[in-house]
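Chemist: Sequence:
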Amino acid sequence: MSFLTLYNNLNTFLYLAAMLFGMGVYGIVTHRTLIGMLISSELILAAASINFMAFNRFTAPDPTVGQVFTLFIMAIAAAEAAIGLSIIIAVYRNYKSVDTEDLVELNG
Numbered sequence: 191m192s193f194l195t196l197y198n199n200l201n202t203f204l205y206l207a208a209m210l211f212g213m214g215v216y217g218i219v220t221h222r223t224l225i226g227m228l229i230s231s232e233l234i235l236a237a238a239s240i241n242f243m244a245f246n247r248f249t250a251p252d253p254t255v256g257q258v259f260t261l262f263i264m265a266i267a268a269a270e271a272a273i274g275l276s277i278i279i280a281v282y283r284n285y286k287s288v289d290t291e292d293l294v295e296l297n298g
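Using the working numbering, you'd call the opening residue of the sequence shown number 191 and step up by one each time.
Just so you know, not all the hints are guaranteed correct.
Said to hold, decoys possible - Computed Cβ-Cβ distance ranges for the label pairs, DEER-style: (1) I277 - F248: 32 to 42 Å; (2) Q257 - V219: 27 to 37 Å; (3) V215 - D289: 14 to 24 Å; (4) V219 - P251: 34 to 44 Å; (5) T254 - Y285: 22 to 32 Å; (6) Q257 - Y285: 38 to 48 Å.
I should point out that these hints are in silico values taken from the structure, not numbers from a laboratory. Heads up, the beta-carbon is just placed ideally off N, CA and C, and yes, glycines get one too.
With the sequences and hints as input, model every part of the structure.
Modeler: Here it is in structure tokens:
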């Protein structure tokens with residue numbers, strides 16, 4: 191048996207997405223910096239994309255539905271990264287830190 195036929199089923203992709211989602215949630219909870227939280231939220235969006243593509247591949251009657259949802263998730267992730275980084279830059283300019291414990295009150 192080849193590697194692709196052995197692991198080419200829905201459960202494999204769902205386990206992979208669950209692991210990515212768990213790592214993303216763990217990263218959001220444990221990271222102290224805003225950039226680490228932003229990267230962790232990108233892992234969560236990647237897990238959602240993997241779920242959509244896996245269900246698209248194995249269960250959907252129309253093969254374009256999961257791909258369209260994944261494109262929307264990619265657009266949301268790009269917008270989140272742009273807006274999140276601009277907010278992080280603004281916070282750094284005002285507080286000279288991106289550590290979340292230093293940001294007790296946010297009224298410049």
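Chemist: With reference to the structure, classify each hint as holding or not holding.
Modeler: Here is how each hint holds up against the structure:
1. I277 - F248: 32 to 42 Å: With Cβ atoms ~38 Å apart, the hint holds.
2. Q257 - V219: 27 to 37 Å: 31 Å, holds
3. V215 - D289: 14 to 24 Å: 20 Å, holds
4. V219 - P251: 34 to 44 Å: 38 Å, holds
5. T254 - Y285: 22 to 32 Å: For Y285 against T254, whose Cβ atoms are near 45 Å apart, the range 22 to 32 Å is violated.
6. Q257 - Y285: 38 to 48 Å: Given range 38 to 48 Å: holds, Cβ gap about 41 Å.
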